[in-house]
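Student: Residues per chain are reported as follows:
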Amino acid sequence: MSLSVENLTVYYQTLQGQVRALEDASFNLADGEIMGLAGESGCGKTTLGFSLIYLTERMRYIKGKVRLNGQEVPVWDNKKMDKYRYEDISIIPQYAMSAMNPTKKIGKMVRDLIKGRGMKFEEIESEFLRRIKLTKLSEDILKMYPIELSGGMKQRMVMVISTLLNPELLIADEITSALDVSTQKAIAEMLVEFRDRQFLNSMIVITHDISILSQIADSIMVMYAGQLSEKGPKEKIINAPLHPYTKLLISSLPKIGIKIEEEKLSGIPGKPPLLLNPPVGCRFRDRCPVSFEKCKEVPPFVRVDEDHYVACWKVAEEHV
Amino acid sequence: MWPAGRWPKNMFKLENVSKVFKVGTFGGKELVAVDRVSFEIADGEIIALIGESGSGKTTIGKMILRLIDISSGSILYRGKDISGVKNDKLREYYRNVQGVFQDPFSSINPIFKADRIFETVHEEFFKKVPQAEWDEKVHQTLLRVGLNPEHILNKYPHQLSGGQLQRFLIARALLLDIDFLVADEVISMLDASTRIDVLNLLGELRELGLSILFITHDLSLGYYISDRSVILYKGRIAEMGETQKIFNHPLHPYTQMLLESVPQIDKAWEEEAILIEDGGEGVAGGCVYYDRCLNPDKDQKCLHQPPELVEVEPDHFVSCWHI
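These protein sequences, in sequence, are chains A and B.
According to the numbering used here, the first sequence is numbered sequentially starting from -2.
According to the numbering used here, the second sequence is numbered sequentially starting from 1262.
Just so you know, the hints here were simulated from the structure itself, not pulled from any lab data.
For glycine and all other residues, C-beta sits at the position ideal for the given N, C-alpha and C.
Any given hint could turn out to be false.
As the list claims (entries may be wrong) - In silico lysine-lysine, DSS-like type, Cα no more than 27 Å apart, as pairs:
(1) Lys62/A <-> Lys76/A
(2) Lys268/A <-> Lys1416/B
(3) Lys1528/B <-> Lys261/A
(4) Lys233/A <-> Lys1416/B
(5) Lys1416/B <-> Lys140/A
(6) Lys252/A <-> Lys1506/B
(7) Lys1506/B <-> Lys244/A
(8) Lys1506/B <-> Lys256/A
As the list claims (entries may be wrong) - Facing chain B, according to a computed beta carbon distance under 8 Å, are these residues of chain A, among others:
(9) Val178
(10) Leu246
(11) Lys252
(12) Ile253
(13) Ile255
(14) Leu273
To be verified - Chain A residues, not near chain B, derived (Cβ > 12 Å throughout):
(15) Asp28
(16) Pro71
(17) Pro275
Chain B with its partners taken away, still in its complex shape (with noise of 0.2 Å):
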């Protein structure tokens, strides 16, 4: 799908990522939860994965971090299939692909003291380090998530903030010198006065070379923080491509509707009826946006025949019907 050469060096390539939980008492029905899903991630860049609820967005970043299987489809990290690496190649995948996520205190031991997840990577990852080479490495390591490691160290995880313990996993994830991070809405908890520098330490992360997953439902924070941007809906694409293309040009009824929804303080609400029913199931075949859509054109192909995805532009694709 993607013309041949356009992201060079490309790290990440989702090819029709499927994936397909078994439902009901006894699994007897099927909810695809993420659907032929295929995008690239390119080395220093950072791509917003945007979506409500159940659109499969967390669902994409798990599989990513190998955290669950994929149903069909291939993931590659740097032209390798993730799918069926084991022992020490898996690994050597965690050094340099990590994940950080929304809620900082549940991932995070409560009983023991918040830095023990660094001498866990210590034992783990790094055993031929010397203690002081590595405490020296933890310590550069939290400066650099602007953190003070007197303030920070031999402290219990409530003795801290929100804003810091994030920042802190953010570290734990740099101490094993990677070159990608799932970030998961690992600032949707954080207050707002905080948010905003974990928002640019990913940015200055960037600037550093890592590429990263921002995975959020904001789209405000989606526009400031991403270089390309993923609209999903059901598990589908919707809409993808370069962030300031698709925000200042959206195509899709469903990236229009986000965009005029999100509430903006410099922009009053355009009174537009929207459908809040969640919509069901959607209709089996055909565009998984049917129910919901308000677009006055839509017809009995958007039906029956799922769209694909096509560029409209360069770096712009939509699937839609009628664009």
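Bound-form chain A, shown alone (with noise of 0.2 Å):
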């Protein structure tokens, strides 16, 4: 087992009061498997992303585990998390290919990445200019400022970078969704193959766009409002899917080959629930065509088929 979440619950501190944006996560990831993180905005998906690996300033700890290989993390503890963070677990936060630092060639600005985590650049300077190769980059590129690189030269320099030190996990955030079609095709295959080259372990692609997660991921966990929905081997979710929620998620996406005239999409009506106060329960239910009195319990993320995980009272009824 790559990565093993109990339970994790996160809130952000507002003026307000606290937001409830990750609740009671609990998953596995499983050696080599590249899980695609999806839902709409708002639902927690970057949360629990962030959650993982660093505490922003508002994000406060509430519960939960988080086992790598078996090790405890410290994931409530930012200042011991310095230890994990990018050798262990690495990140490629969304707009990360507009975060490098324009006053910096990238040559040097690498290089003081490496020193600051106290190794010598030298050590593995072999291996980057190797890795620069196989994402078809030229060398030069070193001597060149960001500003200079295109967007899909600077997802590929990112991703090189995050993944240096061969971290055992790897959370990619939107990485595509700022790309052209093409160049979004040839990053995601990129972040297969460096998986299948072994430069990380396991993976989560954060994305609000399932249909990339279909080319690329092994199993797909769906979130909606802070909470897991389901979880499962990606042809399940995308072509069984058991939550209602997956369900209309799934049946809203317009594919080629589908026209209005023909067949007329429909979306889910109704809005997610502001999470600063949840509805108690399952928070999917006043959008669910199926819900019933039960659904004012939470419902338990309960395993009903091998490695897939559904949290919904009625589905959990049929599958007893």
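Two chains, each in its own frame: build the complex with the hints.
Tutor: Here it is as structure tokens:
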């Protein structure tokens, strides 16, 4: 087991109170697993990603355990986490490609980064150059400033940098979303190649775009309003989802070959609840077509099939 | 170029429209954003303008909306050239032609209540309409775009969701009795569960006779909603015509590459190398797609002579020397 998360709960502290952005998340990641984390904006997917590596100023760890290869990781302690960051757990945050220091050349930036981890750049220089070539970038890039690179080049550079120390876990947050479709495909396939070459062990790919996940992920986990809805093998989530939210979400995606005149798709009526004061029980209850009395209690995230977990009373009822 | 009389009642006609931007520190360099683009838009038709970043799709939308001037060529709206239109005539034009853009939050002043935009329209365009009558019209229009006025009015922009706000802005455009809407990436910021509703709304408005220029980078959305499509690459039209023909039978190497790269949940990607280098400036004088073109037959002609759009079957145009 590469990663195991148990009842992880993280809130945001605001002046109005606590925003319950991540509630009781429990899931596992197998060795080499690429898990797609999908959900709408504000569902807590980025919060989950961050809570595994770095708690931002307003994030409050409430409870839960995170284990990496069986060893507990002190995610609640930003200082202790420093030892794990980059070497064991690495993240490509959203907009990382625009976050590179514009006044430093790429080569200098990487050098400083490695020095900052108390290592010698020379030790990994040859591997670094090998990986740059592998991603079809030229070595000249090291003498360039970030502004001189295109979106796709920057994103490849960010991928090489963030996996340089072969982390156990990589969290990639929306790394394909600002790119053109052709570049998007190349970057997504590169993620798989990095895993295949064991530059990293397992990976969480956060995106709002399920169709990308259908291409590269092994498993998909869907979140709604801070709660986990469903996790399962990619094929099951896409072809035979069980949670009512996943079902509606998948059916609302337009595919090439579907025209409005032939098949009118529909969205999900209503909108997600505010997490400042979320409803008790299942948070999808108000928008759910099959909700019933029992849904006023929080549905447990239970295993219904091999590697397939669902948090829904209705589904649980049917699978008993 | 168009056979006369094929599309009667043409609303818009773009003829060899180009846009050249001056770039560089002293404006010494020129960037051709749109290069001799011609197409027409009929009444009650949705045209998808599809392209990647830098294809010039947004520039075309802005030229139609008169937000930027065209460098050469002409845009005719119901037979009249729009480029010199000023003052009252321009106001009249905006009564008929409006735009909605990608980010609904930056389209609205966050300091004021969101419904202030309706009052602005009232003051600017319909001064003579009494308040009560106007309020009723706003009410009806909001219902028409699928919003509940009671939930929407008297709120600040941050209290509304992106989907609500985007419909809000469409309602604003509809208040003007428009017959043409430029919809520039209107749903790319919306979540999957709400974007389809906004897309369906555009479909319903088409039923009522509205024409829409649907600018998008997302091919599946374009396929879902549009009657005809224009595929742009670096300011040039690569392929255009009836949407179904283009998607089911793509002929330009660029269109083929795009369709192959789009992630689709019911189809795995094919293993094929894609050149992701951005290709630099392209080759002066030749086909703009030359650098990235994977067609093994590409030759000196492609390098030196720009291909023109040719009609390969009824309402299906391609600009490529090798088809």
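Student: Now look at each hint and say whether the structure bears it out.
Tutor: Here's how the hints hold up against the structure:
1. Simply put, Lys62/A and Lys76/A have alpha-carbon atoms about 17 Å apart, close enough for the 27 Å limit, and the pair holds.
2. As the CA atoms of Lys268/A and Lys1416/B are separated by approximately 16 Å, the hinted pair is consistent with the 27 Å bound.
3. Of the supplied pair hints, the one linking Lys1528/B and Lys261/A holds, its CA atoms being roughly 21 Å apart against a limit of 27 Å.
4. Between Lys233/A and Lys1416/B the CA atoms are separated by roughly 41 Å; this puts the pair beyond 27 Å, and the hint is violated.
5. Distance check on the hinted pair: Lys1416/B and Lys140/A sit about 51 Å apart at the alpha-carbon level, beyond 27 Å; violated.
6. A distance of roughly 16 Å separates the Cα atoms of Lys252/A and Lys1506/B; the hinted pair therefore holds under the 27 Å criterion.
7. Taking the CA atoms of Lys1506/B and Lys244/A, the gap is about 31 Å. The hint is violated against a cut of 27 Å.
8. With a C-alpha separation of about 13 Å, the suggested pair Lys1506/B and Lys256/A falls inside the 27 Å cut-off, and the hint holds.
9. Evaluation of the Val178/A hint against chain B yields a held restraint, the C-beta minimum of about 4 Å falling below 8 Å.
10. Because the beta carbon of Leu246/A sits about 6 Å from the nearest beta carbon in chain B, less than 8 Å, this interface hint is met.
11. Annotation: interface hint on Lys252/A holds; nearest CB of chain B at approximately 6 Å, less than 8 Å.
12. At a threshold of 8 Å, the smallest CB-CB gap from Ile253/A to chain B is about 5 Å, leaving the interface hint in force.
13. Hint status for Ile255/A relative to chain B: holds, with the closest Cβ pair at about 6 Å, below 8 Å.
14. Violation of the interface hint for Leu273/A is found here, the shortest Cβ-Cβ separation to chain B being roughly 13 Å, above the 8 Å cut-off.
15. Chain B leaves Asp28/A outside its interface by the beta-carbon criterion, the shortest separation being 23 Å against a cut-off of 12 Å.
16. Once the 12 Å rule is applied to beta carbons, Pro71/A is consistent with being away from chain B; the minimum gap is 34 Å.
17. Every Cβ of chain B is farther than 12 Å from the Cβ of Pro275/A; the closest lies at roughly 16 Å, confirming the non-interface assignment.
Checked against the numbered hints above, the structure breaks hints 4, 5, 7, 14 and satisfies the rest.
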